[in-house]
Amino acid sequence: MEPFQNVKSIVTPLDKVNVDTDQIIPKQFLKLVQKSGFGKFLFFNWRYDENENVKSDFILNDPKYNKSKILVAGDNFGCGSSREHAVWALDDYGFSVIISSSFADIFFSNCFKNGILPISLESKIIQKLLQETNVVEVDLENQIIRTTSEDISFTINSHKKKILLEGLDDIAQTFQFEDKISEFEEKSTVPSVL
Amino acid sequence: MGKTLFEKIWESHIVVEKQNEPALIYIDRHLVHEVTSPQAFDGLRMNNRQVRRPDLTIATMDHNVPTSDRSLPILDQTSAIQIKTLENNCKDFGIKLFDINSPNQGIVHVIGPQLGITLPGSTIVCGDSHTSTHGAFGALALGIGTSEVEHVLASQTLWLEKPKTFEVRVEGKRNNPHAVTAKDIILSIIKNIGTAGGTGTVIEYRGEGITDLSMDQRMTICNMSIEGGARAGLIAPDQKTFDYLRNREYTPKNYESLVDSWKENLKSDSDAIFDKQFILNINDIAPQVSWGTNPGMTCDVDEPIPSPDEFSNGDVNQKKGAEKALEYMDLKSGTMIEDIAIDRVFIGSCTNARLEDLIEASKIVQGQKVASNVNAMVVPGSQMVKKQAEEMGLDKIFIDANFEWREAGCSMCLGMNPDILSPGERCASTSNRNFEGRQGNGGRTHLVSPVMAAAAAINGHFVDVRKLDLN
Numbered sequence: 001m002e003p004f005q006n007v008k009s010i011v012t013p014l015d016k017v018n019v020d021t022d023q024i025i026p027k028q029f030l031k032l033v034q035k036s037g038f039g040k041f042l043f044f045n046w047r048y049d050e051n052e053n054v055k056s057d058f059i060l061n062d063p064k065y066n067k068s069k070i071l072v073a074g075d076n077f078g079c080g081s082s083r084e085h086a087v088w089a090l091d092d093y094g095f096s097v098i099i100s101s102s103f104a105d106i107f108f109s110n111c112f113k114n115g116i117l118p119i120s121l122e123s124k125i126i127q128k129l130l131q132e133t134n135v136v137e138v139d140l141e142n143q144i145i146r147t148t149s150e151d152i153s154f155t156i157n158s159h160k161k162k163i164l165l166e167g168l169d170d171i172a173q174t175f176q177f178e179d180k181i182s183e184f185e186e187k188s189t190v191p192s193v194l
Numbered sequence: 195m196g197k198t199l200f201e202k203i204w205e206s207h208i209v210v211e212k213q214n215e216p217a218l219i220y221i222d223r224h225l226v227h228e229v230t231s232p233q234a235f236d237g238l239r240m241n242n243r244q245v246r247r248p249d250l251t252i253a254t255m256d257h258n259v260p261t262s263d264r265s266l267p268i269l270d271q272t273s274a275i276q277i278k279t280l281e282n283n284c285k286d287f288g289i290k291l292f293d294i295n296s297p298n299q300g301i302v303h304v305i306g307p308q309l310g311i312t313l314p315g316s317t318i319v320c321g322d323s324h325t326s327t328h329g330a331f332g333a334l335a336l337g338i339g340t341s342e343v344e345h346v347l348a349s350q351t352l353w354l355e356k357p358k359t360f361e362v363r364v365e366g367k368r369n370n371p372h373a374v375t376a377k378d379i380i381l382s383i384i385k386n387i388g389t390a391g392g393t394g395t396v397i398e399y400r401g402e403g404i405t406d407l408s409m410d411q412r413m414t415i416c417n418m419s420i421e422g423g424a425r426a427g428l429i430a431p432d433q434k435t436f437d438y439l440r441n442r443e444y445t446p447k448n449y450e451s452l453v454d455s456w457k458e459n460l461k462s463d464s465d466a467i468f469d470k471q472f473i474l475n476i477n478d479i480a481p482q483v484s485w486g487t488n489p490g491m492t493c494d495v496d497e498p499i500p501s502p503d504e505f506s507n508g509d510v511n512q513k514k515g516a517e518k519a520l521e522y523m524d525l526k527s528g529t530m531i532e533d534i535a536i537d538r539v540f541i542g543s544c545t546n547a548r549l550e551d552l553i554e555a556s557k558i559v560q561g562q563k564v565a566s567n568v569n570a571m572v573v574p575g576s577q578m579v580k581k582q583a584e585e586m587g588l589d590k591i592f593i594d595a596n597f598e599w600r601e602a603g604c605s606m607c608l609g610m611n612p613d614i615l616s617p618g619e620r621c622a623s624t625s626n627r628n629f630e631g632r633q634g635n636g637g638r639t640h641l642v643s644p645v646m647a648a649a650a651a652i653n654g655h656f657v658d659v660r661k662l663d664l665n
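Just so you know, the protein sequences line up as chains A and B, in that order.
Just so you know, the working numbering puts 84 at position 84 of the first sequence, and the rest follows in order with no gaps.
Just so you know, the working numbering puts 559 at position 365 of the second sequence, and the rest follows in order with no gaps.
Just so you know, these hints were derived from the structure itself, not from any lab.
The structure displayed is predicted, hence computed values, not measured ones.
A virtual CB, placed ideally from N, CA and C, is assigned to each residue, including glycine.
Treat the hints with caution; some may be incorrect.
Negatives, chain B to chain A, calculated, CB over 12 angstroms [said to hold, decoys possible]:
| hint | residue |
| --- | --- |
| 1 | S262 |
| 2 | D293 |
| 3 | S382 |
| 4 | F468 |
| 5 | N477 |
| 6 | P500 |
| 7 | K526 |
| 8 | E550 |
| 9 | K563 |
| 10 | E598 |
| 11 | G654 |
| 12 | D663 |
Only some residues are given here: those of chain A computed to face chain B with a beta carbon under 7 angstroms [what the hints assert, rightly or not]:
| hint | residue |
| --- | --- |
| 13 | N18 |
| 14 | D22 |
| 15 | K35 |
| 16 | E84 |
| 17 | D170 |
| 18 | I171 |
| 19 | F177 |
| 20 | K180 |
| 21 | I181 |
| 22 | F184 |
Sequences and hints are given; from them, build the entire structure.
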């Protein structure tokens, strides 16, 4: 995983609550067996009509936001299915920061595995960011979102911050505790399946 | 201070613990399916890693398998490739697979308990959010993403932040337990706590309203914990739990001694304190029907659809969400639920496709015919459920009534296989999610219990099943 760099971009305002992972990446695109190439299917049913024509009223179809790396959305973002394809699609499309008033647990966890920074902020700040039209900077190291009018600080678990900043491989980290895992297995009373 | 059941299971599975950091938790059971695993196995290959404990790992194919004639080839090439990929991965890494022709094939959350793979007090993960189902047995069961699937395959552990605890106490007794089901209890809970009400928590369902339930019904409750936003749902195991798991194909040999220790340890202490609490009294609850595009948008069968104002309780964003939902569902506030006509009926999914669900639905269907404008299908949760139902003659009851009787799989719960709604079609569904397009692009889903779905199939519109003779 690449280390997380500061992000400077305009924000894409997705003014919806309860955006579920079925909307982020509909099921017909879950059949692929690789991790790449999901960006073109992001929010597919909102971006395209049934004849696959572009729906001009959907925010992602406004060319103004083509280069945006920051998505701002309403409460409970990423709820529903555990599909990591949702994060792969956001990443592949070009988003590296998702800001919402709250996230569903599995989606939140999936973000960190793919170098995406999810930021939770109070609803009233989300409402302000949804109106923000200038470039903003997300500085993870200092935990600040800089807009033209103010600096907004955000909290993040220090362990998760480290993972993103250093781009750590989770599994390699875990293998450092190999002896502890073996020790646990020797004591475990839960029988094998087979 | 006493401990909750969750805390006891958590503490007994800590491999590494550091202050203010996630704990490394040991995983006792890993269930794998075709959709969320290919990239995980690829990751192992790229890094030259093995599966640490194939003996704690079980795979099946459920999400995109066809539910029609299994002797025919799979027409959808991308589905066929994904299924073949799982076969190859299981072979390469030495994992036991219940493939499309296995008598044990089925929805992963239906077969785990049926085979005695799910055990009380264990930790269970699967790359599927409805893993919470297994919590009905007093297991800590978590849905995970594909990166975590890879992590568990490689290390049999997961880094997890300790969730908070949430007591959902269900008090009272249902007047008519055949008409008001476990599905109605869990939909009522979600309607009250909201779809994010359980975020960051593990729910423990307690009280007489829960202990009264059978294991099949308890699984329906825990299954939809994720729809309330929770990380997992738990029910303390009791005699019903222990009896259910005895003598299953993979029940451990030392089962009785395990039961003895579970009886002693697997319950929340009387002085345990939960971080959060919600109490539901079920004495007078009604069958539930969802009207919107998330499971919290649900009302009683004898109620009109609420206005966005009533639903949102002053929250502007929720109000906008409700307006959008009504538009998508092509419904109007004030419409009585029983006046809503339906086109399709789906009885299936990891929520409601176990034997008891099919028995209850069959009582309504027996001797009746599906309304002429309705297409209805039953998709048993597993091949074993299908076989048991057929031994009882349930297949004939459904087929005689013009239901389709299918092979096991996730089917129209998420429409990854050919079982999907057409745009605009309205479905009474026993599944768990009514998201936009979930059952097919433009499809409109109403979540209901199996008896409510069966009654809607016969009548062509929703019916309050309390009016029917179900005994």
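Okay, the hints, checked on the actual structure:
1. S262: For B:S262, whose nearest Cβ neighbour in chain A is about 18 angstroms away, the distance exceeds 12 angstroms, so it holds.
2. D293: holds, 16 angstroms
3. S382: Holds, since 19 angstroms exceeds 12 angstroms.
4. F468: Correct as stated: the minimum Cβ-Cβ distance to chain A is 18 angstroms, above 12 angstroms.
5. N477: Nearest chain A Cβ is 31 angstroms from B:N477, so the label holds.
6. P500: holds, 17 angstroms
7. K526: holds, 21 angstroms
8. E550: holds, 25 angstroms
9. K563: holds, 32 angstroms
10. E598: holds, 21 angstroms
11. G654: At roughly 26 angstroms from the nearest Cβ of chain A, B:G654 sits farther out than 12 angstroms, so the non-interface label holds.
12. D663: holds, 37 angstroms
13. N18: holds, 5 angstroms
14. D22: Holds - the Cβ of A:D22 comes within 7 angstroms of chain B, reaching about 4 angstroms at its closest.
15. K35: Hint holds; A:K35 Cβ to chain B Cβ min 5 angstroms, cut 7 angstroms.
16. E84: OK, holds: A:E84 within 7 angstroms of chain B, min 4 angstroms.
17. D170: Nearest chain B Cβ about 6 angstroms off; hint holds.
18. I171: holds, 5 angstroms
19. F177: Since the shortest Cβ distance to chain B is 5 angstroms, the answer is holds.
20. K180: Holds - the Cβ of A:K180 comes within 7 angstroms of chain B, reaching about 5 angstroms at its closest.
21. I181: Holds. Min distance 6 angstroms.
22. F184: It holds, given that the least Cβ distance between A:F184 and chain B is near 5 angstroms, below 7 angstroms.
Every hint, counting from the list given before, is met by this structure.
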